[in-house]
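Novice: Listed below are the residues making up each chain.
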Amino acid sequence: MDAEEDDRLDRDLVEQAQRGDREAFAILARTHGDRLMAIAQRILRDVGRAEDAVQQTLVIAWRELPGLRDPDRFDAWLQRLLINASFAEARRWKTWNATVRILPVDGPPGADETLSVDDRDRIERGFRRLPPDQRAVLVLTHYLGLTPTEIAERLGIAVGTARSRLHYAHRAMRAALEADERPVAVAGGQTR
Amino acid sequence: MTDQRELDRVLDAFFVEGTDELADRVIDAALDQIDHTQQRRVLRAPRRFSTMNMPTRVAAAAVIGVLAVGATFYVIRPSQPAVGPPGPTTGASSTPVAVVTPSPSARLPRSTPSSSSEPCVQLDLKTGDALPAIRGDSLPGLGQGRGVYLATIEPARPHSPGLWAVGPGTDPARPIAAVELSAGVVEVVGLSPDGSSVLIMAGHSGPGDPNCADIFVVRTDGSGATRLTTFPLERVVVGAAFSPDGKRVAYAWKDSGSWPGFGTLTVLDLASGRTVDQPCNNTVFDFPYVVDWSPIGDRIAVACHRSIWIFDPSGTSAPIAVPSTGSILTFRWIDDNHIVVANDAGETSTFDVASGTSSVLGSFSESDIEIVIPSGVMSPDGRWLAYLGGVRGDVPGNDFRIVSYLVPTTGGRPTRILTEREAWSTVGWSADSRALLGVINGSEGAGPTLSRLDVETLRLSTVGSLSDYRQGVWQIP
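Heads up: the protein sequence lines correspond to chains A and B, in order.
Going by our numbering, the first sequence opens with residue 980, and the numbers climb by one from there.
Going by our numbering, the second sequence opens with residue 3, and the numbers climb by one from there.
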C-alpha cells in the first residue's frame, strides 16, 4: 500500500469518525498512538505522565473532531492537541525530579549518535528545566526533524515565534552542556 | 564553547532514545472514556454556501437554524453525573502511623519495593544538625504570612532539594530539612492552618521506575517528620489537605494497578492513626487534584471521575454528588453549605449542600480563549477565578500560547493578567481574597519573584525575591 493510499484511508476514517463512528476512531487511535506516545514521552520525560497526556489527547480529539475542517490535517491537529495535553500534564506536577535518571543505552546506534554519560546527564537535567513550549520545539526539531516553518505551521504560531523558542531552547541546552565551566548558584543568590 | 553543529548532533542523539510504543491499555482506557463522551456539535456553513443558488441557500440556512435551536436546548439541558455515586459504604480501620525520630537526621524507612508490605517510596528528611548553617531568601512583603517551599539547600549539590520555611519571626527563610529521594518527585501539598506543620508528597513514575507516591508530614521547625502512608507499588497519592483544626489529614489516592485506576478518599486522625476510607473512583486524569475541607471541617469535597462529590469525613453518611457539566476547572467551599464550581465550558455555579441544588452564577466563556484544565484557582470568598488559557483557533490546540486570566465568578470577559513570557505560576490567594499570589520567572540572570496581584486594581507588587524556587505553599493574610 503506498503513501497516497494510506492518506486516503486515513481521510476516510477521519470523516467517518467525525460523523460519530467510534470504530473508525479506534483504528485512528491505534494507528497514531505510538507516534503520540513517542512525542509525549520525549517532552515529559516520564512514561506514566506521557500515557496520561496521550489518553487525554485521544479523548479530546474524539470530542473536538467534528470541528476539524480539513481531514487531511488530522495528524498535525492531533499533535497540537498532544502538545497542549503535555503542557497541562507538565503543569499538573509542578515539581522537580530530585534525581535525574539516565535512560538505558542499548548500544550505540552509530558513531555520530553516541553521547557520553556526562553529556546525557547534563542534557537531561537541562532539558527538564526548560519550559514546556521550548521542550516541544526541541522534540519537533530533533526528533521529528521539522523545520521552524513546519513547527510554526504545526503549532499554529508565527515562524518567528518558533525560531525564537528554538533559539532560547538551544541556548539553554548549550548552557547545560557547559555547566561545569560555570559558577554554581547557591541559596541566597550568591555564587561560588 | 559548543558550536551549533555539535549541539545539533548531541540533541539528535539525545532524542533517539525513549519510548516508541503506546501500551494497549492506554488506548483501551481512552476508548472506554470515549464511549461516555459526546462529540461537540459544530454548526458551520457549508463550504459551498456562497456558491449555492438562493433557494438552496435559504433551505440550508433554515436547516442550520433548526440545528442551532436544537443545539441550544442540548447545551442548556440539566445534566447528570457521568458516573454513578462512589457508593455509600465506608470503612474504618486502625492503622498505626509510622513515627520517625526526626533529629538530628530523620531517616524514613528505606527498603526495596519488592513486596506489597514494603514502602515503594524511599525518602530521607535530614533535619537538625544535619543541615548546613545557611540563611535563605528574605521576603519583606510577606508580612504575617508564611511559606514553605522547595529550593536548593546544599551548595555543593545544587540539584538536591531542601525544604525551606519563611514567616513571622523566621525571615529570612530557614531550612527545615534536606530532602533525599531515591528517585522521582517531591512536592509540598499543604500547610496546616496554624502554619506549624507541612504535608509533602513524594513519588515516582518514570521509565523503569515503580509507580507510587506517599505523603509525609513534618513540623515547620524541622521536628516530627512522619510518614503518613506506606503504599505498595501502583498506589499513588494525588492530593491531600489538613482539616481546618489541623488534627486530621484527608488524602485522595488511586490504585494504578487496575488501570485506569480506582480511587479512595482516606481521612486520617493524626493523633490516633485511625483512618476512614471511602471510594472515589478516579478513572480519568483531567480532574483537579483538590481535596477541600469545608470551613468547619464537617465535609470534604473531592473530584472523583468528572464529578465533585461531598464526603462526610466520618463516613457515616453517603457522599453527595454535585451536578456539573463539562470537565471541572476548579471548585471551592465558600461557606459551610456552599461550593462554587467552574468548568471548562466557561460556566460557574454554586451548589447548596442542604437543598442539593445548583444555581448558575455566570459565564466566562469566550470563543477566542481555550481554557486549560485543571488550572483554575478560586479565591477563598469564591468571587474570583484565575486560570490559564490559550488563544483558540478553529479548533482547540491551534495555539498553545498559555497566559493567565482573571475573571469574577459572576462571569464576564476574562482579563489577561500576565503574558506567556512572564511564566506565572499561581500559588494561591491571600486570605482576604484581594490578592492573587504567583511566582514570576525572572528575566535572564534574575531569580524568580513571589508576587501579588491586586485583583481590583491589577497592580502587581513583589513580595520578595527567591534565589532558587521549585514549588511551595503560601499563606498570606
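Incorrect hints may appear among the rest.
[As the list claims (entries may be wrong)] Quick list of simulated restraints, FRET-style, between CB atoms:
| # | chain 1 | residue 1 | chain 2 | residue 2 | range |
| --- | --- | --- | --- | --- | --- |
| 1 | B | Ala320 | A | Tyr1147 | 45 to 55 Å |
| 2 | A | Arg1001 | B | Ser463 | 46 to 56 Å |
| 3 | A | Arg1108 | B | Ala320 | 40 to 50 Å |
| 4 | B | Arg276 | A | Arg990 | 55 to 65 Å |
| 5 | A | Arg1108 | B | Arg276 | 22 to 32 Å |
[Said to hold, decoys possible] From the derived model, a few chain A residues whose C-beta atoms are all more than 10 Å from chain B:
| # | residue |
| --- | --- |
| 6 | Asp986 |
| 7 | Arg987 |
| 8 | Glu1043 |
| 9 | Asp1054 |
| 10 | Asp1098 |
| 11 | Leu1125 |
| 12 | Glu1129 |
| 13 | Val1138 |
| 14 | Gly1139 |
| 15 | Arg1142 |
In case anyone wonders, no lab produced these hints; they're calculated from the structure.
Note that beta-carbon positions come from the ideal geometry of N, C-alpha and C, so glycine has one too.
Novice: A separate judgement is required for each hint: does it hold in the structure or not?
Specialist: Tested hints:
Between B/Ala320 and A/Tyr1147 the C-beta distance comes to about 53 Å, which sits within the given range of 45 to 55 Å. Checked against the hint of 46 to 56 Å, the C-beta distance between A/Arg1001 and B/Ser463 comes to roughly 52 Å, which is consistent with it. For the hinted restraint 40 to 50 Å between A/Arg1108 and B/Ala320, the CB-CB distance of approximately 47 Å keeps it satisfied. Range check, B/Arg276 to A/Arg990: about 60 Å between beta-carbon atoms, so the 55 to 65 Å window is met.
A hinted range of 22 to 32 Å is violated for the C-beta pair A/Arg1108 and B/Arg276, which are about 42 Å apart. Every CB of chain B lies more than 10 Å from the CB of A/Asp986, the least distance being 20 Å, so the non-interface label holds. At roughly 20 Å from the closest C-beta of chain B, the C-beta of A/Arg987 stays outside 10 Å, upholding its exclusion from the interface. Residue-level check failed: A/Glu1043 sits 5 Å from the nearest beta carbon of chain B, not beyond 10 Å.
For A/Asp1054, the condition that its CB be more than 10 Å from all CB atoms of chain B holds, with the nearest at approximately 13 Å. For A/Asp1098, the non-interface assignment is contradicted: its Cβ lies about 6 Å from the closest Cβ of chain B, within the 10 Å cut-off. The claim that A/Leu1125 lies off the interface holds: its Cβ sits roughly 12 Å from the closest Cβ of chain B, which is beyond the 10 Å cut-off. The claim that A/Glu1129 lies off the interface holds: its Cβ sits roughly 15 Å from the closest Cβ of chain B, which is beyond the 10 Å cut-off.
The claim that A/Val1138 lies off the interface holds: its Cβ sits roughly 14 Å from the closest Cβ of chain B, which is beyond the 10 Å cut-off. The beta carbon of A/Gly1139 is kept farther than 10 Å from every beta carbon of chain B, the shortest such distance being approximately 13 Å. Against chain B, the non-interface label of A/Arg1142 holds: every CB pair exceeds 10 Å, the least being about 13 Å.
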